[in-house]
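Undergrad: Make the full structure from the sequences, and use the hints.
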Amino acid sequence: MQEGRPLSATQVNRDLLRSILETPKWFWTVVGILGFIVLIAFAAAGLMVNHGMGLTGMNRPVMWGFFITNFVFWIGISHAGVMLSAILRLSKAEWRRPATRAAEVLTVFSLMTAMMMPVIHTGRPWRVVYWIYTLPFVPYDYARGIWPNIRSPLVWDPSAVYTYLTSSILFVLVALIPDFAVLRDRTTGMQHTIYSILAMGWRGNPRQWKLQIVAGILLSALILPVFVSVHSIVSWDFGMAVAVKSWHSTIFAPYFVVGAVHSGVSAVAFVMIILRYIYGWQDYIRHEHIDALARLLVVVATAWFYFFVMEVIFGIYGREADELAVRTLQFAGGYKIWMIIFIVTTYFIPVTIWLSRSARRNLWIMSFACISVNIGMWLERFLIIVPGLAQKAVLSFSWGTYRPSPIEITIVFGTFAMVSVLMLLFSRVIPLIPLYDMKEGEILRTEVKIGRRIVPAVVRED
Amino acid sequence: MAIRPILGLFETADQAADAGDALKEADVSPDDIDFMTDAPYPEGAFGEREERHRLYVFPLCGALIGLTVGILLTTMTQMAYPLVQGGKPILSLPPMAVVTYESTMLTAIIFTIIGIVFESRLPRMKMGLYDTRITEGLIGVLVNVEEDRLPNISEIFSGAGAIDIVRES
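Taken in sequence, the protein lines are chains A and B. Residue numbering for the first sequence follows our numbering, beginning at 1 and increasing consecutively. Residue numbering for the second sequence follows our numbering, beginning at 1 and increasing consecutively.
Note that these hints are calculated values from the structure, not bench results. As the structure is a prediction and not an experimental result, all values here were calculated from the model. Incorrect hints may appear among the rest.
Here are some, though not all, of the chain A residues that point toward chain B, as calculated from beta-carbon distances under 10 Å [as the list claims (entries may be wrong)]:
1. P153
2. I177
3. V182
4. I213
5. E323
Glycine included, C-beta positions come from ideal geometry on N, C-alpha and C.
TA: So, in structure tokens, the structure goes:
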């Protein structure tokens, strides 16, 4: 895992700070286009708030549609970041170095985007304050005699997601302090003042480095249980709902967690390929790194597929009429085409690609595989949420279907543009590959002579 | 006699370690010697003293506080609005456990961050003697000694192969 050429500290600074100290010609054009898409999405959301939820395709009984699908999707994407970073740090995997920062930043922006979706979904975003039951001075619902269920899994959700968001932001910021110091030393004027404040007087002495290393491991160990809890709790939004047959499944928590890792790691691999291409970081994000991610993804994808099959089997095993009706709707009814696309794009296409070494090292093919996974995983969330609700519920007369309106489609596209533009803008102010991590890799780089071969290797301290 | 800092800049870890050894032989206290690098080196690479810290205490304290806050928050919220839902007890443990778990982890993580900043002796309001070439890969050896010993320290740095020696202007 040491295929690259040796790099000096000066060269690492020059290459990785290029995205900050120089502005590529294309940068503001791309930011402008993406920003325009985001503006259109905000305008669509504004129109929806002004005219009411009638502008969406949601109606009884399908009251959760594209917005909640998108919420679960972005929560899933956010999982790769910290999971990948934390597990690779804890296992001291050498190939983690270029991947951790981009993965963590993707986590933060995905979570922010995800949290917007339920707020938009309410149709009356200002009423979010009703949810904040935990503040004793805002007992608004109670005062009005609405009496919401404070024990609902929908209350667990914000507590878990905001814990994860806060933790992820802090995780990113702590690891950024040494890199802020490098930027402090390379900038002037206002930029220098801002980076000096952010670097907090970092000098890089042995004590500070020791604490950085311990902090990386300690925070990884603390954040991993949070990461597992978040998507488990998101799955319980569905799993705890007794009335919707296809949702009420005990396997949902691990199934959602593994699915989130599958979509998230694919997204990180895609982001790394894009970064390598746009900033010319061929010496840092190498084919071996993408190859390693793809091999990890084969395992994750297969674990996910196992849970998917089990979830379907558990569903139909009891032969309950309502459950069978939903499964029929999914596999033989109006959703069967989408079901086939979902299964093929999420598992069969990418895993077939990842089994070939030459395909894993071809960035175009890898990009295609990663996008394929995420198309499939988005459809997966849609196919869990909508068919379950579209089926007639017990003691109700509501049957229905769901067609997303242009407003919903625009907002969903807007979220993809938003995460992209935020990542791009962030790459202008912080290095998306950790400088000190790359430099440490260079310090520990060595060569070992085995027989007649000299093998590139890395020294690892325990 | 006033204590003054002096900074030697070295290209390799071996040179910086040699300078550190020579300084100790010249009776400079290890507490007055500091090494500055742009990346983490293996512990003890420069023969520096072992750094002790109490970082592990911080998440533990945070977790205990978070656990207490979580239990109080969920209990008091449920007791404040005692509405029976679905025949379940007012103080229902499963939902309490989830929110309490999250508050425990959140506070543990926040306290860990506070611990990292505190134990790293940050924020540092004045940078003191420093050279920006350290973040270009040079290794800085900073010594705080009496003013009259500065020429001696300067000689030690030169002897160990310092490419530059920086003093307070």
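Undergrad: Hey, does the P153/A contact hint survive, CB to chain B under 10 Å?
TA: Since chain B brings a Cβ to about 8 Å from P153/A, closer than 10 Å, the hint holds.
Undergrad: So, as I understand it, the hint says I213/A touches chain B; can you test that by seeing if any CB pair is closer than 10 Å?
TA: Holds, about 6 Å.
Undergrad: Less than 10 Å between beta-carbons is the criterion; does V182/A satisfy it with respect to chain B?
TA: 4 Å, holds
Undergrad: Let's test the interface hint: is any C-beta of chain B closer than 10 Å to that of I177/A?
TA: 7 Å, holds
Undergrad: Classify the hint on E323/A as holds or violated, based on whether any CB of chain B lies nearer than 10 Å to its CB.
TA: It is violated, given that the least Cβ distance between E323/A and chain B is near 22 Å, above 10 Å.
Going through the hint list in order, the structure does not satisfy hint 5, though it satisfies all others.
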